[in-house]
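Colleague: In terms of the numbering used here, the first sequence opens at residue 1 and continues consecutively.
Hints are computed from structural coordinates only; laboratory data are not their basis. All values reported here derive from a predicted model rather than from experimental measurement. It is possible that part of the hints are untrue.
Distance condition first, Cα-Cα at most 16 Å in a straight line; then the derived EDC-like pairs of lysine to aspartate or glutamate [claimed, not checked]:
1. K23 x E167
2. K23 x D119
3. K169 x E104
4. K23 x E92
5. K114 x E167
6. K114 x E130
7. K23 x E35
8. K125 x D31
Ranges of calculated distance between the beta carbons of each label pair, as one might list FRET restraints [to be verified]:
9. K51 x P129: 10 to 20 Å
10. D138 x G58: 20 to 30 Å
11. E136 x K111: 31 to 41 Å
12. T147 x D31: 30 to 40 Å
Glycine included, each C-beta is placed from N, C-alpha and C at the ideal position.
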Amino acid sequence: MSTVPITFFQRDPLEVAPELMGKLLCRRFEDGQIERYRITEIEAYCGETDKACHAHKGRTKRTEIMYHQGGHIYMYLIYGMYWMLNFVTENEGTPSAILIRGVENISGPGKVGKALQLDKSFYGKLLQPEDNLWLEDDGYHLPFQTTPRIGINYAGAPWINKPWRFEAK
DNA sequence: GCGTCGATCTAC
DNA sequence: TAGATCGACGCG
């Protein structure tokens with residue numbers, strides 16, 4: 001069992017994603033209680049050219065954090081009620097991120113944010129124990145498969161067809 | 001300043 | 001299949 005270092009995220013999201021599958025997402029709640037959730041479903045969003053990526057229209061207040069060093073947390077509100085959890089990848093100036101769509105026993109990105117009690121206060125924090133959200137590797141290897149991403153039809157081809165969603169098999 | 005809409009989920 | 005619910009963004 002070891003804590004995954006921030007540098008793990010400072011490379012191409014398509015390289016990080018397969019290694020992220022099966023890792024343990026750890027959360028320390030307000031009351032000090034610690035829970036661990038195995039990551040079972042994620043999606044990669046790759047830079048300004050990827051029309052499904054929020055950063056495809058450039059640097060804004062919301063997407064700003066995606067332009068920073070990998071290892072930061074990107075949170076955003078969707079449909080007025082769900083907080084989506086994302087991990088920033090790559091380095092300064094290269095916007096990309098990985099959306100956590102599901103963990104063991106919890107399916108759906110909206111439910112993950114709710115179960116882990118995450119909101120905008122986590123925007124811009126780092127994935128480290130000091131910030132109450134971090135990653136651990138227990139050596140477990142989770143079998144997975146890739147499929148197109150969900151809910152991004154507006155992006156059009158070829159982006160809707162990219163097999164950038166990873167799910168447990 | 002105002003209208004539109006989204007990387008969702010639940011219930012009718 | 002529609003409704004909840006709100007911040008970001010486009011338009012002007």
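Colleague: Of the hints given before, which are not true for this structure?
Modeller: 2, 4, 5, 6, 8, 9, 10 and 11
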